[in-house]
Amino acid sequence: METSMSFQELTDKMTNLYHAGDYASALDVVEQNADRFPELSSRTTFWRMCLLSLCGRTDEVISVFQQGLDSGLWWAQSRFQDTDLDAVRDLPEFKRLMEISQEKYRAVRMHIERDQTVLLPDPAAPGLYPLLIALHGGGGNKDSNLEYWKVARQKGWLVLSPQSTQPVDPSAYCWDQPEPGLADILFYVEKISQKYPIDTQRVVIAGFSQGSGMAIYSALSGEINARGFIAIGTYLADPSSLLPLATHAKSVRGYFITGEKDHTMEKAREIQNILRGSNVQFGEEVHRDLGHEFPPHFEESFDKAIDFIFKERE
0 METSMSFQEL TDKMTNLYHA GDYASALDVV EQNADRFPEL SSRTTFWRMC
50 LLSLCGRTDE VISVFQQGLD SGLWWAQSRF QDTDLDAVRD LPEFKRLMEI
100 SQEKYRAVRM HIERDQTVLL PDPAAPGLYP LLIALHGGGG NKDSNLEYWK
150 VARQKGWLVL SPQSTQPVDP SAYCWDQPEP GLADILFYVE KISQKYPIDT
200 QRVVIAGFSQ GSGMAIYSAL SGEINARGFI AIGTYLADPS SLLPLATHAK
250 SVRGYFITGE KDHTMEKARE IQNILRGSNV QFGEEVHRDL GHEFPPHFEE
300 SFDKAIDFIF KERE
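Take the sequence shown: its letters are residues 0 to 313, numbered as in numbering that gives the first Met the number 0.
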């Protein structure tokens, strides 16, 4: 067990092994470290189920699933569409457990409350605060990736990390439905604007993975007065949903941070083609050895993104 490993480091290590096809090693890493993050057991339990399935250990998938439900966990039905679970999907016992999970999900879904994390500029300075809206990825929450966004607060930005109200398990949320997601973000922005002095000319919306797709959708929508977006490891299930928005968003600028080894690269290219066809300006930095993760030296990437978004506008 690597006692100094953060959950983000565990996620990155597991993900890299997974995409390398080394499912057994990915499973070992999760099982050796899962107990250190009890508040995220819904996520690590689901990872174990998927990796055990990929390793052909179907009986253990059922056992882990049952133990998770017995401990109070649940997962949205959409989670079980994951192809990693193909080996167990049609098993009668797995189907029975999915029904139990869905019943728990329905009960919880009715009572989801909005939540957010706010990082104030550090050091604090007088005057208006530029606002960075940082969206978590699918399966994340308001505290996901905050260690990276601290670079923004150190540069004088107020960071708002809103949590989606679309749950996938007790500790994770997604942006599967863009319109409810946009409504959530607008709610948070209004609240923070009432509490802090926001520079409305310096608002940027950023995100990782599915959060970056949601950031692009939000920026192009015109509903949020964002000057631009920062998209890292970009994913959006339906890039064509941006077409009617992009044609009216020529004043928005975007910045992509992509990795050549990222499995979502194709989605990023589809989105960029739509933006290009609608004359939405964007910049990009491509990292040769980067997978689906934040790049090293993210502070430099953040500075480049902000410089591009506000280029020739000051």
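No lab work stands behind these hints, which were simulated from the structure alone.
A few of these clues could be false.
Derived lysine-lysine pairs resembling BS3-like cross-links, with alpha carbons at most 27 Å apart [unchecked claim]:
| # | residue 1 | residue 2 |
| --- | --- | --- |
| 1 | K149 | K194 |
| 2 | K260 | K194 |
| 3 | K12 | K149 |
| 4 | K310 | K249 |
| 5 | K190 | K149 |
| 6 | K154 | K310 |
| 7 | K94 | K303 |
| 8 | K190 | K154 |
| 9 | K249 | K194 |
Restraint-style ranges between C-beta atoms, simulated for each label pair [said to hold, decoys possible]:
| # | residue 1 | residue 2 | range |
| --- | --- | --- | --- |
| 10 | S3 | T57 | 18 to 26 Å |
| 11 | L119 | H296 | 19 to 27 Å |
| 12 | S24 | D302 | 45 to 53 Å |
| 13 | T82 | G155 | 39 to 47 Å |
| 14 | E38 | Q65 | 40 to 48 Å |
| 15 | L127 | L90 | 52 to 60 Å |
| 16 | G20 | L242 | 29 to 37 Å |
| 17 | L119 | G20 | 37 to 45 Å |
Computed from a prediction, not measured in an experiment: that's the story for all the values here.
All residues carry an ideal CB built from backbone N, CA and C; glycine is no exception.
Going through the hints against the structure:
1. K149 / K194: holds, 20 Å
2. K260 / K194: violated, 41 Å
3. K12 / K149: holds, 22 Å
4. K310 / K249: holds, 15 Å
5. K190 / K149: holds, 21 Å
6. K154 / K310: This hinted pair holds, its Cα atoms lying about 17 Å apart.
7. K94 / K303: Not OK: K94 and K303 at ~49 Å, beyond 27 Å, violated.
8. K190 / K154: The hint holds at about 23 Å.
9. K249 / K194: Given that 27 Å is the threshold and the Cα spacing comes to 30 Å, the pair is violated.
10. S3 / T57: 18 to 26 Å: Given range 18 to 26 Å: violated, Cβ gap about 34 Å.
11. L119 / H296: 19 to 27 Å: holds, 24 Å
12. S24 / D302: 45 to 53 Å: violated, 36 Å
13. T82 / G155: 39 to 47 Å: This hint holds: roughly 44 Å between Cβ atoms.
14. E38 / Q65: 40 to 48 Å: Given a distance of about 21 Å, which is not inside 40 to 48 Å, the answer is violated.
15. L127 / L90: 52 to 60 Å: At roughly 58 Å between Cβ atoms, L90 and L127 fall inside 52 to 60 Å, so the hint holds.
16. G20 / L242: 29 to 37 Å: holds, 35 Å
17. L119 / G20: 37 to 45 Å: holds, 43 Å
Of the numbered hints given earlier, the model fails hints 2, 7, 9, 10, 12 and 14; all others are met.
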